[in-house]
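Student: The primary structure of each chain is shown beneath.
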Amino acid sequence: MATVTLDGIGHAYGRAQTEADYALKPLHHVWEQGRAYALLGPSGCGKTTLLNIISGLVIPSHGRLLFDGRDMTRVPTERRNIAQVFQFPVVYDTMTVAENLGFPLRNRGMDRRQTAARVGEVAAMLGLVPDLNRRARGLTADAKQKISLGRGLVRPDVAAVLFDEPLTVIDPALKWELRSKLKAVHRALDLLMIYVTHDQTEALTFADQVMVMNEGRVLQVGTPAELFEAPAHTFVGYFIGSPGMNLLPAQVEGREAAVDRHRVPLGAAYPALADGRVQIGIRPEYATLSRTGGLPVQVQRIEDLGRRRLARVMLGAHPLVVTAPPDLSVNGAEAFVRLDPASLHVFADDRRVPGGAA
Amino acid sequence: MMDKPISNRAWFLVVPVMAFVLFSSLIPMMTVVNYSVQDSMGQNSFFWNGSEWFQHLFDPATDIGGRFSRALVRNLFFSGVVLLIEVPLGILVALCIPKRGWAVGAVLVSMALPMLIPWNVVGTIWQVFARADIGLLGAALTGAGIPFNNTQDPLSAWSTVVVMDVWHWTSMVALLCYAGLKAIPDAFYQAARIDGAGRWSVFRNIELPKLRRVLVIAVLLRFMESFMIYTEPAVVTGGGPGEATSFLSLDLVKIALGQVDLGNAAAMSLVYNLITLTLCWVFFTTMTQLDARGSA
Numbered sequence: 001m002a003t004v005t006l007d008g009i010g011h012a013y014g015r016a017q018t019e020a021d022y023a024l025k026p027l028h029h030v031w032e033q034g035r036a037y038a039l040l041g042p043s044g045c046g047k048t049t050l051l052n053i054i055s056g057l058v059i060p061s062h063g064r065l066l067f068d069g070r071d072m073t074r075v076p077t078e079r080r081n082i083a084q085v086f087q088f089p090v091v092y093d094t095m096t097v098a099e100n101l102g103f104p105l106r107n108r109g110m111d112r113r114q115t116a117a118r119v120g121e122v123a124a125m126l127g128l129v130p131d132l133n134r135r136a137r138g139l140t141a142d143a144k145q146k147i148s149l150g151r152g153l154v155r156p157d158v159a160a161v162l163f164d165e166p167l168t169v170i171d172p173a174l175k176w177e178l179r180s181k182l183k184a185v186h187r188a189l190d191l192l193m194i195y196v197t198h199d200q201t202e203a204l205t206f207a208d209q210v211m212v213m214n215e216g217r218v219l220q221v222g223t224p225a226e227l228f229e230a231p232a233h234t235f236v237g238y239f240i241g242s243p244g245m246n247l248l249p250a251q252v253e254g255r256e257a258a259v260d261r262h263r264v265p266l267g268a269a270y271p272a273l274a275d276g277r278v279q280i281g282i283r284p285e286y287a288t289l290s291r292t293g294g295l296p297v298q299v300q301r302i303e304d305l306g307r308r309r310l311a312r313v314m315l316g317a318h319p320l321v322v323t324a325p326p327d328l329s330v331n332g333a334e335a336f337v338r339l340d341p342a343s344l345h346v347f348a349d350d351r352r353v354p355g356g357a358a
Numbered sequence: 001m002m003d004k005p006i007s008n009r010a011w012f013l014v015v016p017v018m019a020f021v022l023f024s025s026l027i028p029m030m031t032v033v034n035y036s037v038q039d040s041m042g043q044n045s046f047f048w049n050g051s052e053w054f055q056h057l058f059d060p061a062t063d064i065g066g067r068f069s070r071a072l073v074r075n076l077f078f079s080g081v082v083l084l085i086e087v088p089l090g091i092l093v094a095l096c097i098p099k100r101g102w103a104v105g106a107v108l109v110s111m112a113l114p115m116l117i118p119w120n121v122v123g124t125i126w127q128v129f130a131r132a133d134i135g136l137l138g139a140a141l142t143g144a145g146i147p148f149n150n151t152q153d154p155l156s157a158w159s160t161v162v163v164m165d166v167w168h169w170t171s172m173v174a175l176l177c178y179a180g181l182k183a184i185p186d187a188f189y190q191a192a193r194i195d196g197a198g199r200w201s202v203f204r205n206i207e208l209p210k211l212r213r214v215l216v217i218a219v220l221l222r223f224m225e226s227f228m229i230y231t232e233p234a235v236v237t238g239g240g241p242g243e244a245t246s247f248l249s250l251d252l253v254k255i256a257l258g259q260v261d262l263g264n265a266a267a268m269s270l271v272y273n274l275i276t277l278t279l280c281w282v283f284f285t286t287m288t289q290l291d292a293r294g295s296a
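Protein sequences, first through last, are from chains A and B.
Everything in the first sequence is counted per this note's numbering, starting at 1 for the first residue and increasing by one.
Everything in the second sequence is counted per this note's numbering, starting at 1 for the first residue and increasing by one.
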């Protein structure tokens with residue numbers, strides 16, 4: 001068990017001359033013992049690099065990695081007490097499930113009896129007891145992922161469990177079950193768990209805190225609610241939520257924004273933002289289609305998702321996704337959109353500008 | 001749902017293939033079967049001889065039977081030795097080939113070279129290479145005081161033929177294994193490091209099991225080809241000294257074309273063919289069944 005500190009950790013696979021050479025841009029962060037974190041971002045955003053730095057498969061080119069204050073930056077993988085579950089299930093084909101689970105212990109010289117006892121405990125926790133004497137290679141993908149996890153948990157001194165998109169190859173029906181198993185293990189063992197994914201649902205349901213990454217940079221660290229209600233970056237606004245946040249180019253002054261020739265009231269006062277690119281953002285959940293009042297839009301189509309309806313509309317040349325109330329019917333293409341001022345966010349050069357009271 | 005369209009036009013595709021197979025394999029094969037049950041006094045006149053050729057062949061007391069059984073043992077021994085050297089050596093070489101970088105192409109191409117040389121040229125190269133008087137290998141060994149003469153000493157002749165086959169075909173095993181190794185995802189190696197596995201353990205528990213399928217193919221191909229080996233020993237040793245390296249195929253050619261003993265040669269080639277087929281079938285079924293049992 002450990003608290004993991006990233007002290008200016010950054011990594012460039014080649015020589016780092018400009019900032020773009022970094023697969024992972026230097027960052028500071030502390031992951032606390034006993035909590036569940038998610039690293040969320042699209043493919044190639046550096047989240048797997050970060051995970052591999054923690055497990056020691058990649059030695060970072062910059063910064064220090066501390067476990068409970070001890071410098072682990074250059075300690076080899078096998079001495080780090082890290083468990084890692086990979087995207088594709090890794091099992092040792094020729095061994096039984098029990099031998100698979102006991103493998104890390106046998107490699108570290110634990111005797112047969114103690115190993116069997118630990119394997120029994122872990123198998124009971126993961127529901128693998130009936131399969132203990134079967135060969136691992138004939139099992140289903142979700143059982144194999146449980147074995148991968150079990151090989152990590154079986155070690156009594158494990159400091160943190162890392163997951164690298166562990167549900168990618170799991171049958172959709174079993175994903176939910178395996179995810180609840182991971183949550184249950186987390187509650188039972190009080191371990192630091194770090195979960196890498198590009199699936200926001202997985203990240204938001206698994207983790208206490210989510211770190212959103214893009215292009216090697218950490219854009220925001222926060223609870224799922226914070227990411228949803230106050231995205232620090234346009235990317236977070238767009239990436240979190242389904243569909244993502246609407247972004248419109250605007251001029252902002254005081255409590256009002258101007259999109260083309262339309263005036264949009266804001267929920268807070270902002271300083272004059274002259275430099276750079278200014279955008280306002282609103283989530284589809286807080287933009288409502290109506291027959292009268294609001295901004296005039298052209299309705300392109302209305303999608304019925306069962307529990308909710310979404311309308312794709314054009315505000316001048318800008319596309320928007322808004323919520324269509326269930327009782328609303330639109331004649332022709334002309335309609336209006338109401339934006340909730342309290343849920344409007346202002347971004348300058350993609351970074352959120354906090355509003356003031358004045 | 002179940003009525004399949006019936007079209008007789010398919011015959012236009014099937015008939016040429018059947019005709020080709022008939023002329024290229026079936027008719028020559030039946031000619032051999034024909035020779036194996038007849039005898040001739042020359043003048044192209046044949047008469048029925050029943051199973052006498054086969055009886056001779058299976059009786060080691062007869063001249064032909066003795067030659068056949070000795071050549072068969074030689075063949076099996078040769079295939080065994082060649083497999084025992086080439087398979088482990090091929091795996092070892094495959095493990096040493098770099099996984100990325102410019103060296104990959106260079107290594108793979110230079111390893112494929114021996115396989116691209118025509119069989120009789122391979123034989124010629126080694127015939128010259130191993131000559132005790134002017135050959136680089138032969139002369140060097142003789143100069144170093146090691147008795148080596150592949151035209152007089154059976155051990156020298158055998159080692160030359162075995163080393164030549166290893167030189168010629170180990171690359172094939174290595175390339176097959178390399179392809180198998182490349183197919184193992186990095187996650188397996190990373191997981192093994194996290195689990196604290198050593199190099200031998202990684203080989204034993206990850207690499208070897210994942211190579212099983214390509215090894216079945218490699219063993220099968222190498223067995224088949226080494227069991228039917230002809231050209232290289234024919235050029236290097238000609239089956240000698242004495243009959244020390246007379247494999248089945250060499251002996252067969254001597255009987256059929258040297259002595260024009262068609263009956264004996266036909267019987268022998270049929271049995272040779274059946275042995276090859278049977279051994280391949282046994283190899284294949286046992287190895288695939290082991291594979292199936294492993295996955296159950």
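It cannot be assumed that every hint is accurate.
To be verified - If the Cβ cut is set under 10 angstroms, some of the chain B residues that face chain A in the computed set are:
id, residue
1, PRO60
2, ALA61
3, ALA179
4, LEU181
5, ALA183
6, PHE188
7, GLN190
8, ILE194
9, GLY196
10, SER201
11, ASN205
Said to hold, decoys possible - Below, simulated SDA-like cross-link-like pairs (lysine to any residue); rule was C-alpha separation at most 25 angstroms, straight line:
id, chain 1, residue 1, chain 2, residue 2
12, B, LYS99, A, GLN87
13, A, LYS175, A, THR292
14, A, LYS175, B, LYS254
15, B, LYS99, B, LEU113
16, B, LYS210, A, LEU132
17, B, LYS182, A, SER43
18, B, LYS210, A, LEU305
19, B, LYS254, B, TRP119
20, B, LYS182, B, ILE97
Hint data in this document are derived by calculation from the structure and do not stem from the laboratory.
Beta carbons are placed, not taken as given, at the ideal position from N, Cα and C, and that holds for glycine.
Student: When you check the alpha-carbon spacing of LYS99(B) and GLN87(A), does it fall within 25 angstroms?
Tutor: holds, 22 angstroms
Student: Using the nearest Cβ pair, does ALA61(B) come within less than 10 angstroms of chain A?
Tutor: violated, 49 angstroms
Student: Given ASN205(B) was flagged as interface, is its beta-carbon under 10 angstroms from a beta-carbon of chain A?
Tutor: Holds - the Cβ of ASN205(B) comes within 10 angstroms of chain A, reaching about 5 angstroms at its closest.
Student: Against chain A, run the beta carbon of PRO60(B) and see if the smallest gap drops under 10 angstroms.
Tutor: violated, 43 angstroms
Student: A closest beta-carbon separation below 10 angstroms is what the hint needs, so does GLY196(B) meet it against chain A?
Tutor: holds, 4 angstroms
Student: Holds or violated: LYS175(A) and LYS254(B), Cα atoms, limit 25 angstroms.
Tutor: This hinted pair is violated, its Cα atoms lying about 69 angstroms apart.
Student: Tell me if ILE194(B) is really an interface residue toward chain A, meaning its C-beta lies closer than 10 angstroms to one of theirs.
Tutor: Cβ of ILE194(B) sits 5 angstroms from chain A, so the hint holds.
Student: Hint check: LYS210(B) vs LEU132(A), CA-CA at most 25 angstroms. Holds or violated?
Tutor: Measuring from Cα to Cα gives roughly 22 angstroms; hence the hint holds.
Student: Given SER201(B) as an interface hint, is the shortest Cβ-Cβ distance to chain A below 10 angstroms?
Tutor: This interface hint holds because 7 angstroms falls under the 10 angstroms limit.
Student: Is the shortest C-beta separation between ALA183(B) and chain A less than 10 angstroms?
Tutor: Because about 12 angstroms separates ALA183(B) from the closest Cβ in chain A, which is outside the 10 angstroms limit, the hint is violated.
Student: Do the alpha carbons of LYS99(B) and LEU113(B) lie within 25 angstroms of each other, as the hint requires?
Tutor: Holds - the C-alpha atoms of LEU113(B) and LYS99(B) are around 20 angstroms apart, at most 25 angstroms.
Student: How about LEU181(B): closest beta carbon in chain A under 10 angstroms, or not?
Tutor: Violated. Min distance 15 angstroms.
When the structure is compared with the earlier hints, violations turn up for hints 1, 2, 3, 4, 5, 13, 14 and 18 and for no others.
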